[in-house]
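Modelling step: build the complete structure from the supplied sequences, incorporating the hints.
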Amino acid sequence: MASRWANDEADAAEAARRKKEKEQKKRMKELKQRQQEDAAQREPADRPPHKRRRLSSSPSEKKQSSQDSSSERRLLRFDAPTWGPCRHVSNFETLNHIEEGTYGWVSRAREIGTGEVVALKKVKMDYVHDGFPITALREVAILQKVRGHANVVDLREVVMGEGFDEVVLVMEFLEHDLKTLQEDMPEPFLASETKTLLRQLASAVDFLHQNHIIHRDLKTSNILLSNRGALKLADFGMARLLPPPSPNASPLTQLVVTLWYRAPELLLGTPIYDTSIDIWSLGCIFGELLQKDPLLPGKNEVDQLYKIFSLCGLPTEKTWPQFWRLPNAKSLRLPRDAGAGGTAPAADTAALLRRKFPNILTAKGTDLLASMLSLNPDHRPSAAEILSHPYFAENPKPKPPELFPTFPSRAGQERRRRKSPHAPVRGQGNARLEGAGEVDFSGIFAGREEEMKGAGFQLRMG
Amino acid sequence: MQFSPLANPLATVAQLETSGSQLDGVPSDLEDSVRFAGARLTQAAGILLRLPQEVIAQAIVIFTRFWVGPEGGSLAEHDAEQVSASSLYLVSKLSAFQRSARSVVNVYAYLHSLPFTFIDLDQLHEKKDAQEYYVTEGTYQLRKKALFDMEQRILKILGFRLQVALPYTLCITYLQALDVFGHPRASELAKRAVAYLNTALLSPQLLYLTHQPPSLATAAIYLAAKDVGIKLPDVEWWEVFDTDREELGFLVVGLLSVGSFAAAEKEKWGDVKIPLTVDALEAVINARDVDGTHET
Numbered sequence: 052m053a054s055r056w057a058n059d060e061a062d063a064a065e066a067a068r069r070k071k072e073k074e075q076k077k078r079m080k081e082l083k084q085r086q087q088e089d090a091a092q093r094e095p096a097d098r099p100p101h102k103r104r105r106l107s108s109s110p111s112e113k114k115q116s117s118q119d120s121s122s123e124r125r126l127l128r129f130d131a132p133t134w135g136p137c138r139h140v141s142n143f144e145t146l147n148h149i150e151e152g153t154y155g156w157v158s159r160a161r162e163i164g165t166g167e168v169v170a171l172k173k174v175k176m177d178y179v180h181d182g183f184p185i186t187a188l189r190e191v192a193i194l195q196k197v198r199g200h201a202n203v204v205d206l207r208e209v210v211m212g213e214g215f216d217e218v219v220l221v222m223e224f225l226e227h228d229l230k231t232l233q234e235d236m237p238e239p240f241l242a243s244e245t246k247t248l249l250r251q252l253a254s255a256v257d258f259l260h261q262n263h264i265i266h267r268d269l270k271t272s273n274i275l276l277s278n279r280g281a282l283k284l285a286d287f288g289m290a291r292l293l294p295p296p297s298p299n300a301s302p303l304t305q306l307v308v309t310l311w312y313r314a315p316e317l318l319l320g321t322p323i324y325d326t327s328i329d330i331w332s333l334g335c336i337f338g339e340l341l342q343k344d345p346l347l348p349g350k351n352e353v354d355q356l357y358k359i360f361s362l363c364g365l366p367t368e369k370t371w372p373q374f375w376r377l378p379n380a381k382s383l384r385l386p387r388d389a390g391a392g393g394t395a396p397a398a399d400t401a402a403l404l405r406r407k408f409p410n411i412l413t414a415k416g417t418d419l420l421a422s423m424l425s426l427n428p429d430h431r432p433s434a435a436e437i438l439s440h441p442y443f444a445e446n447p448k449p450k451p452p453e454l455f456p457t458f459p460s461r462a463g464q465e466r467r468r469r470k471s472p473h474a475p476v477r478g479q480g481n482a483r484l485e486g487a488g489e490v491d492f493s494g495i496f497a498g499r500e501e502e503m504k505g506a507g508f509q510l511r512m513g
Numbered sequence: 008m009q010f011s012p013l014a015n016p017l018a019t020v021a022q023l024e025t026s027g028s029q030l031d032g033v034p035s036d037l038e039d040s041v042r043f044a045g046a047r048l049t050q051a052a053g054i055l056l057r058l059p060q061e062v063i064a065q066a067i068v069i070f071t072r073f074w075v076g077p078e079g080g081s082l083a084e085h086d087a088e089q090v091s092a093s094s095l096y097l098v099s100k101l102s103a104f105q106r107s108a109r110s111v112v113n114v115y116a117y118l119h120s121l122p123f124t125f126i127d128l129d130q131l132h133e134k135k136d137a138q139e140y141y142v143t144e145g146t147y148q149l150r151k152k153a154l155f156d157m158e159q160r161i162l163k164i165l166g167f168r169l170q171v172a173l174p175y176t177l178c179i180t181y182l183q184a185l186d187v188f189g190h191p192r193a194s195e196l197a198k199r200a201v202a203y204l205n206t207a208l209l210s211p212q213l214l215y216l217t218h219q220p221p222s223l224a225t226a227a228i229y230l231a232a233k234d235v236g237i238k239l240p241d242v243e244w245w246e247v248f249d250t251d252r253e254e255l256g257f258l259v260v261g262l263l264s265v266g267s268f269a270a271a272e273k274e275k276w277g278d279v280k281i282p283l284t285v286d287a288l289e290a291v292i293n294a295r296d297v298d299g300t301h302e303t
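Top line first, the protein sequences correspond to chains A and B.
So the first sequence is residues 52 to 513, counted in our numbering.
So the second sequence is residues 8 to 303, counted in our numbering.
For the record, the hints were derived by calculation from the structure and aren't laboratory data.
Please read all numbers here as calculations on a predicted model, not as lab measurements.
For glycine and all other residues, C-beta sits at the position ideal for the given N, C-alpha and C.
No false leads were mixed into what you were given.
Derived contacts from chain A toward chain B, CB cut-off under 7 Å, selection only:
| # | residue |
| --- | --- |
| 1 | R124 |
| 2 | L126 |
| 3 | P132 |
| 4 | T133 |
| 5 | W134 |
| 6 | G135 |
| 7 | F183 |
| 8 | L188 |
| 9 | V209 |
Selected chain B positions facing chain A (Cβ under 10 Å, derived; list incomplete):
| # | residue |
| --- | --- |
| 10 | Q22 |
| 11 | S93 |
| 12 | S102 |
| 13 | K151 |
| 14 | F167 |
| 15 | P221 |
| 16 | E246 |
| 17 | D251 |
Below is the structure:
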């Protein structure tokens, strides 16, 4: 006896019938559409067009429209996630440690059930006076929100240990971070590679900014790179949503972004800032990709400002009118002639950058970098503007990510060294130049002054 | 895969079928009462903490999600009052309006000192002895620890899914799209619609866990327009907002039934407090058992 699921004649007949029905329906639909189109074309000639849709229509018309709707209207349906309790951390076995970040330990691990290699980030439970660390909460919330963008690291899930003090984020594993990779490379990235990396990065940042998220800690050690040339932004521990403008919302922390990538307005203690601080960091990263070394490796806040001003020139009343109103600007002594456009390198950042990258960067590239490193935050381009900059269109074209060379992965094998400073720690207070501590400013400046010949500035002591 | 920021995580069928509390032998009508009282408590605490309604609504949704499903929290194990406090603390921390642990503990101590759940406004404004709800430093340390422990428990049970999309702004956008703001009573209509959205937070049918914000906003507008007597387009306008007729009908019935549910609750509990702690709940269940044995 044949299986009851086998095709028999009845099935074949049924299929044929269905096909015929379908074709007929299709034909009917086409006919109707044609009629409608004709009607639509005829209508303007017959009578003046309706400005508004008529609400009370004649019964026959109404009937027809409802028939149309039932077959053609499709309602938008959202894909919604569900929730369930956190799985236990024992579902993963650790392979090796990668690094210790600002607020967590990162290690490479394998999921026992699937054999898949992932990165585990254990949350440091330091701030017990506020309950569960807000940085970790924000990172999880933001990573869940930005999931799906090709250039943002994917948070798979959050797992927990026996006690409450073990919370681990499970993320996709990528072989490299840009910082370690550049340390190991003998030569900087090619111009075409730099372009691809910058474009991927700007695309991630654009996506964040469109979703009202500021990353607040963009730096090369937070940028991961796969062996297939895919760049992904990681470490959202400092990130937060731009709060809606509201008189009783709590103010934003000033002490954000790792020193070398921190925008001048933050160093000068601005009470309000926005997504433009990320663009500054992006400019620093662009410069770092070009020269393979950090662009502005300041030793402390004062030194950082000094390095910024010697790279980008001094702010003038014209380029940055709000400058002198920033809290920490009062403690700076800038050369008087800077504003008058005297001997000091005034605000022509582009000219200074051209001198710094004479052969590596084209005029368009210099223009882009100079705009990203505008001292005045209002003059920096948005991430979307960066993406449409002609720099990406000119030769050499961005190299397709698949053609990127592969490198031996240090994260896959061994513990990394770490030389760059960490992001500032929460609760250390607000950015204050005076707070730089025991560093002897006068000493630093004595040496620098000679070196720089008048372009520097001085801290008024006492 | 990226989920729309307008979409909420919804409860699955399995999660709606049973709950941790029911598995622990808590009768489901009692569960409804406690959830209702807990949501109201969260709303009251949020108002006293001067939090915006968005934050309060998110906290109520988190509170409701906590109790759902066989793997959810059980009323026989956790104090509803504590879950409410920790939800509010957790949500406020993620918002731009963080409130200190001390403020949260103080407010919940005050609300705990109220004599019954359905208190009259006059009684509320009676002068109270501050001694009754004063939290000493020692007690505060204990409560703070409980607050943080429950915060972690919530994170664990929800698998860190704290995202709550709300229908309030959508509702206003929809009203604009319907072009009603030229009407003299438009603001009355908007207020009424928002009131329905707040009502839905207290629904025993867990409307925020089963329906997406666009549908909730649409249903609220539909009912509000009926109440205020403003005529909306004579076509199936709800489909423009991605709600089909069946879903709209369900939500309308659900929203309208909250009023009678609340009235029945008030009648049922009268001058008694709805049990919001494990101990109080046990006492109520035991008393019911005793009554049961007397009857037989």
